[in-house]
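Participant: One line per chain: the protein sequences are A and B, in this order. Using my numbering, you'd call the opening residue of the first sequence number 4 and step up by one each time. Using my numbering, you'd call the opening residue of the second sequence number 386 and step up by one each time.
One or more hints might be untrue.
[What the hints assert, rightly or not] Okay, derived cross-link-like pairs now, SDA-like style, lysine to any residue, Cα gap no bigger than 20 Å in a straight line:
{"id": "1", "chain 1": "A", "residue 1": "K50", "chain 2": "B", "residue 2": "K490"}
{"id": "2", "chain 1": "A", "residue 1": "K61", "chain 2": "A", "residue 2": "S74"}
{"id": "3", "chain 1": "A", "residue 1": "K61", "chain 2": "B", "residue 2": "L585"}
{"id": "4", "chain 1": "A", "residue 1": "K50", "chain 2": "B", "residue 2": "K441"}
{"id": "5", "chain 1": "A", "residue 1": "K50", "chain 2": "B", "residue 2": "F567"}
{"id": "6", "chain 1": "B", "residue 1": "K427", "chain 2": "B", "residue 2": "A478"}
{"id": "7", "chain 1": "B", "residue 1": "K546", "chain 2": "B", "residue 2": "G569"}
{"id": "8", "chain 1": "B", "residue 1": "K482", "chain 2": "A", "residue 2": "R62"}
{"id": "9", "chain 1": "B", "residue 1": "K482", "chain 2": "A", "residue 2": "P69"}
{"id": "10", "chain 1": "A", "residue 1": "K61", "chain 2": "B", "residue 2": "Y459"}
{"id": "11", "chain 1": "B", "residue 1": "K513", "chain 2": "A", "residue 2": "L67"}
{"id": "12", "chain 1": "B", "residue 1": "K519", "chain 2": "B", "residue 2": "A478"}
{"id": "13", "chain 1": "B", "residue 1": "K519", "chain 2": "A", "residue 2": "Q77"}
{"id": "14", "chain 1": "B", "residue 1": "K519", "chain 2": "B", "residue 2": "K441"}
{"id": "15", "chain 1": "B", "residue 1": "K490", "chain 2": "B", "residue 2": "Y586"}
{"id": "16", "chain 1": "B", "residue 1": "K441", "chain 2": "B", "residue 2": "K482"}
{"id": "17", "chain 1": "B", "residue 1": "K519", "chain 2": "A", "residue 2": "P69"}
{"id": "18", "chain 1": "B", "residue 1": "K482", "chain 2": "A", "residue 2": "K50"}
{"id": "19", "chain 1": "B", "residue 1": "K482", "chain 2": "B", "residue 2": "K513"}
{"id": "20", "chain 1": "B", "residue 1": "K427", "chain 2": "B", "residue 2": "E461"}
{"id": "21", "chain 1": "B", "residue 1": "K490", "chain 2": "B", "residue 2": "K441"}
{"id": "22", "chain 1": "B", "residue 1": "K519", "chain 2": "B", "residue 2": "K490"}
Honestly, the hints are just simulated from the structure, not real lab data.
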Amino acid sequence: MNGHTRMLPFYLVDGIYPRFAFLISPDPEPSTEEQTTFDRLQAANRKDVERLFGVLMKRFHVALHPGRYRSVLQLVTTYKAICILHNMCVESRRSTFLSRRRRDTGGDGGTNCCVGGDAGVVSDGGDGQSGGAHAVGGAAAGGPAPDRAAADGLGGVAAAIGKIDAAGSAPPALHPDPHLPAPGTAANFDAWAETQNPAECESLRDDLTADIFCDRGDLLARNHVVHNRGGMQRVFFSPLGRGSFFPTHSCVDHVFGSGGRLRLRRQWRRSGRCVGT
Amino acid sequence: MQGILRDYFGVGGLPPIYDERDFATQFRVPRAVFWRVYMAVKDEPIFQQRINATDKLQAHPLQVVVAAFRVISYGEAADRADEFLRLSRTTIATSNKLLMDFIVKRWGPTYLRRPNQDELSKIMDRNKERGMPKCISSLDCCHWEWHQCPTGMSGAYQSRKGRRGIVVEAVCDEDLWVWHLFLGAPGSLNDVNVMHQSPLYLEVTCSR
């Protein structure tokens, strides 16, 4: 990237984390346009995990309310179980329309289409046909399953679980062996000295900044909301929340319909924000 | 028991009262996932229906699973679902605990594992399209309050906001698939301290 070779994968974090080379935090004081662009993109991508906590809390209200358990161990077990159920839901939702469309637009972006029983989990009874078709597509797109099975024996287990789920009524067999962790995950990271080097982190961030600035149009486009009304094109950074979001009339129309426009105008008049309308 | 069957699964050829959408709303999981959990549970000896000393039938596995799902999906107290499920609060609390243990034991190795090389490269490809090449995922912490924290431990578990709880550290990708979960750190620690004791950090720094 940008003339340098970067071998180190990294996680996106927020500003509190230390400057380690495997953590990328936003620039604390963005001054140039490049840095601002980078910060926006970083925030836009990092909000995945914030969304996760929100979704978990809304899905299982145990996570929302204070835990009523006696021991820390029980708290831990419950939260883990919640996350497992959540992952199952994610998996079963992947065979629905929306995710398929998203996958189409994002290339073969299905990151974990080879996990567990993705092939077999069918969301509804009537959706079986499409689920099966999706499974075939997933296997084709996401690396051929038999290869993996030959490689480390994981795929076979996954496929077996998938089949059981598809059958539905068959009693699920216990796992012969759990999924092995990635053999190469640890090897991807470099030694202690490099991972904790602040200078490395800075340079990595600079690299990324420069790299992102080159094709910022494409990258930020998916986070833009573009309204084309009345011959004028207005662009908002809507999901990013940087700066305040001033709704103009055309965009209010878009969101609320014409009734919303009147309502907002009234509100604006009260707040003195939009004089003369 | 009859009520559960009638409401959610249909009895005697009648369609269930709540359809798929209501089911997913009330149990917070799709029917397929619920069914999968139930199918795994119903043959376990610990969840089997028993007959007690007075010749009365004890809770059916379906009742048990529904009770546990009610507790985790609504976060309600264990005796809340009594009038619907006809189970005592002890039974509901115990069954919830048993089911949580069972899920973690049974599916923990499958669903909370680290990504293998294949998946990792796919995540990276996907993030490359979003402008972050070589990016694995995003990492963050949140606090989960603990209602029944013992007073003796409240010093360690009190967060900076004055509430007692534990810290949850998670890594997830764009699909909200949880790739890494570390929890149990006392609430007085901040995100950095939690990261320093999480297996993720240890793996990265001591990998050689």
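Participant: Tell me, which hint numbers fail for this structure?
Facilitator: Structure breaks hints 1, 2, 3, 4, 11, 12, 13, 14, 15, 16, 17, 18, 19, 20, 21 and 22.
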